[in-house]
Amino acid sequence: MAFTSPALLLLLAMSVFPLLWALYLSFTDYSATRGGPADFIGFGNYTAILTSAQVHQRALTTLIYVVGAVALQTVLGFGIAYLISRRTHGRGLLTTLFLVPMMLSPVVVGLFWRFMLDAQFGVVNSMLGSRGLGQVEWLTRQRTALLSLVVVDTWQWTPFIMLIALAGLTAVPKYLYEAASIDRASEWFRFRTITLPLVWPLLLIAVMFRAIEAFRLFDLVYILTNGGPGVSTETLSFHVYKVAFLGFNTGTASAYGILMVLVVIVLTQLYLRYLNKLKEG
Amino acid sequence: MAVSVDEAVSTGPARDRTPPGRRLGGRGRSVLEVALLTGLAVVMLFPVLWMIETSIKDNRDVYAIPAKFVGFRVTLEHFRDVFVAPGGGRSALSVAFLNSALVAGASTVLATVLGVPAAWAYSRFAVKAKKDQLFFILSTRFMPPVVVVIPIFLMYRQVGLIDSKIGLILIYAAFNVPFTIWMMKGFVDEVPAEYEDAAMLDGYTRLQAFWRYTLPLLVPGIAATAVFALIFSWNEFVFAIFLTSSDDVRTAPPAIAGLIGGTTTDWGLVAAASVVFALPVLVFAYLVRRHLIAGVTLGAVRR
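The listed protein sequences correspond, in order, to chains A and B. For the first sequence, the numbering used here gives the first residue as 1, with consecutive numbering after it. For the second sequence, the numbering used here gives the first residue as 1001, with consecutive numbering after it.
Be aware that one or more of the hints could be misleading.
Label pairs and their calculated CB-CB ranges [as the list claims (entries may be wrong)]:
{"no.": "1", "chain 1": "B", "residue 1": "Leu1217", "chain 2": "A", "residue 2": "Leu262", "range": "51 to 59 Å"}
{"no.": "2", "chain 1": "A", "residue 1": "Leu204", "chain 2": "B", "residue 2": "Thr1265", "range": "46 to 54 Å"}
{"no.": "3", "chain 1": "A", "residue 1": "Ala48", "chain 2": "B", "residue 2": "Thr1265", "range": "32 to 40 Å"}
Derived lysine-lysine pairs resembling DSS-like cross-links, with alpha carbons at most 25 Å apart [what the hints assert, rightly or not]:
{"no.": "4", "chain 1": "A", "residue 1": "Lys277", "chain 2": "B", "residue 2": "Lys1131"}
{"no.": "5", "chain 1": "A", "residue 1": "Lys279", "chain 2": "B", "residue 2": "Lys1128"}
{"no.": "6", "chain 1": "A", "residue 1": "Lys279", "chain 2": "B", "residue 2": "Lys1130"}
{"no.": "7", "chain 1": "B", "residue 1": "Lys1131", "chain 2": "A", "residue 2": "Lys279"}
{"no.": "8", "chain 1": "A", "residue 1": "Lys277", "chain 2": "B", "residue 2": "Lys1130"}
{"no.": "9", "chain 1": "A", "residue 1": "Lys277", "chain 2": "B", "residue 2": "Lys1128"}
{"no.": "10", "chain 1": "A", "residue 1": "Lys279", "chain 2": "A", "residue 2": "Lys174"}
Anything over 12 Å on all C-beta distances counts as not near chain A; from chain B, calculated [stated by the list, open to error]:
{"no.": "11", "residue": "Asp1081"}
{"no.": "12", "residue": "Asp1163"}
{"no.": "13", "residue": "Ser1164"}
{"no.": "14", "residue": "Glu1190"}
{"no.": "15", "residue": "Val1191"}
Simulated from the structure, these hints should not be mistaken for laboratory data. Ideal placement from N, C-alpha and C gives every residue a C-beta, glycine not left out.
Extracted from the complex, chain B is given alone in its bound form:
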């Protein structure tokens, strides 16, 4: 069984059964622990809150010294600037967001279509050197992107895929396939093979049995896996910055990073763009929170 956040957090307390009287300052300790946790939570969340605050601050207050925590002028200008170009019309950033959605979506579909059947085969059939194959597949995901991008760059230059969405979609699919296979193999393992065997006794072929009986049971797993693949592609930066250059192709991460190139940086705009960029990720991550451990360890840890 996969350990989910929900399970991890809903298990009862039962840590400390010692009556308070017998412990030295049991209550004081508990208060101390709560205080410590609160402090840590504030430290962890402060940068996120500060980003949100900066995104709605008037420019004068963004650069205020000392920094203004409260009582600043609220404005939605930065958010408008994210989507609307200074002279009207669509801004380069909003085009980048659309590109990101397209590239992440297409690469996720491709990785899912290729990965799910492979995961099913690895789970059900006696594949030769199965363990070695699976380990090899996951190893490709651990390659340093900055190293892989050198030959990919030369390869793309040969075949004319430099600065194209297709090129990005292919490379993103390639790094999501290992993840999809590992993650989905766990989900397929959880569906008893007997369902397919029984269907085959009824005269269905193996493929029909998979399609009619196993696949419907896998839909939640496929959805969760696809959401993670979507997040990985959406957040990806290294391939995007080296393989694309023009505004019509560039995805959001290099576009947002490009905002700090000049002599002065409009930090309000950077903050607003970051908020717009991060919000869908947080929403999606919340939706798949039950599978978070498997997702962030690339399907390796699930208990």
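Bound-form chain A, shown alone:
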């Protein structure tokens, strides 16, 4: 097709070809700095990664981060959307204000929270201090660092869930509530039998979208904690970067990347299937 091929060519050159190259490299022991010819080592890189305790730990960190952040965002985002949808006045202003964090670059978000969570000059500790609470080394303690990452991601992306939930909530036909009102249905009953079932499909789209994005996330970790302290906030994306650009084990990193791409493909397929079902239904 004359109209689609330029776009598809660009995608082939910039997305498909690089991934095929990475696929080829993943079966070799190539290193980007050493140069020289690459030796074919079969599935050696893959077995090394899948059996590595380090990788298992990064996978667990990623899982905690993705599940924690997305769950928090969903609850908060839906809650805010629900509260906004019940207001008569100032909805436009409220929505606009709540949406600001989402539009910021992860770089700005990461840098700024790094300043706010700074153990010494940070405003968060300063506020805790003025209430007589102890100081917390948010980004430099193993346990709180991952928590901070979850909190910052939640801060940035709660508006995303809120925006989509709000669209779902306002699309619920009013006559359903009116009918329920005539039947003297309780508030909770109305929420459970009308609001939630009608909003849920759209909300699920938002949740799946966020999960994929959170799984891919790199920049926030890089800026906020740089994977530290130790390896406590090293997600899979961040670990790939270390293997590829600090260790220069390009072959291993490629195999690692291909495995991550497989996960993303599975998640994306689920997401797109569901999206398709929703559009046709």
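Using the hints provided, position chain B relative to the given structure of chain A.
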């Protein structure tokens, strides 16, 4: 129809028709809800306000312990430092901002020129395995950037595109094309195909019909789509930090991130640079607020 923020917020109340008397503490509950919303809004907006405040604070007050919320000395020094180098002349940051504008602008133009005709074709013609093609296109957008950048880095090293604006423009166009196609397909779908059919009965070719009748109707959609593509490229960090290194090429996100490299960090400067960097995004996002849902879901959700 796309649900826009405006629509989403202008629909009437009609949630709670129960007379206040019959509900247990209906008024109290309403007050509680407003209080809760206000509290949440403060929490969500505080970091943004704090950033703006820090950007105009005198250095001594930036590092004050306990933090100064009011009564600090106002200065525009940090903003001056963003644009002017210490010894006079243009600062590295201001060059980075120009680079960002150039790279984001060029990649958006490229993505629009390639994406709009493709979206039109996917909307109008019986393309083979259309759904699969569209899904494949969107899937490329979901690839982890840190994985894609490894082979792109090697590829660019081969052809000499490392540390070049062209290289960045190409990769940004590649990740904006899927978005442009999905977003624009929605807009093209909304324009009746009959307009083109009628024009073709009058003797125009398909392409002329598109150019004369459909395209003018698509202009608002193209503008909104381009604005989102512009925002995505402007905010992008991962490709920028791995594919560029020199000051003349580097875009603003890695340049701003570079401000925290040393032993001490000038947080006032970081804040001012962040404000300058984020302001255009917020303005642009406000302009396209009607299409925000479609934009942030990469054109997937529009009802």
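Here's how the hints hold up against the structure:
A C-beta distance of roughly 41 Å is found between leucine 1217 of chain B and leucine 262 of chain A, which places it outside the suggested range of 51 to 59 Å. A hinted range of 46 to 54 Å for the beta carbons of leucine 204 of chain A and threonine 1265 of chain B is inconsistent with their spacing of about 41 Å. Take alanine 48 of chain A and threonine 1265 of chain B: their Cβ atoms lie about 38 Å apart, and the range 32 to 40 Å holds. Among the hinted pairs, lysine 277 of chain A with lysine 1131 of chain B is consistent with the structure: their alpha-carbon atoms are about 13 Å apart, no more than 25 Å.
The hinted pair formed by lysine 279 of chain A and lysine 1128 of chain B meets the criterion: a straight-line CA distance of about 20 Å does not exceed 25 Å. Taking the CA atoms of lysine 279 of chain A and lysine 1130 of chain B, the gap is near 16 Å; set against the 25 Å cutoff, the hint holds. For a cut-off of 25 Å, the pair hint linking lysine 1131 of chain B to lysine 279 of chain A stands: about 13 Å separates their Cα positions. For the given pair, lysine 277 of chain A sits about 16 Å from lysine 1130 of chain B by alpha-carbon distance, which is consistent with the 25 Å threshold.
Note on lysine 277 of chain A and lysine 1128 of chain B: the hinted pairing holds, with a Cα-Cα distance of about 20 Å set against a maximum of 25 Å. A threshold of 25 Å between alpha carbons decides the hint, and for lysine 279 of chain A with lysine 174 of chain A the separation of about 22 Å falls inside it, so the pair holds. A cut-off of 12 Å between C-beta atoms confirms that aspartate 1081 of chain B is not in contact with chain A; the least separation is 16 Å. The claim that aspartate 1163 of chain B is not at the interface with chain A holds, since no C-beta of that chain comes within 12 Å of its own (minimum 15 Å).
Listed as outside the interface, serine 1164 of chain B is consistent with that label: its C-beta sits roughly 15 Å from the nearest C-beta of chain A, beyond the 12 Å cut-off. Separation of glutamate 1190 of chain B from chain A is adequate, the least Cβ-Cβ distance of about 15 Å exceeding the 12 Å criterion. With 12 Å as the threshold on Cβ separation, the claim that valine 1191 of chain B sits away from chain A holds: the shortest Cβ distance comes to roughly 16 Å.
The structure is inconsistent with the numbered hints 1, 2, although it conforms to all the rest.
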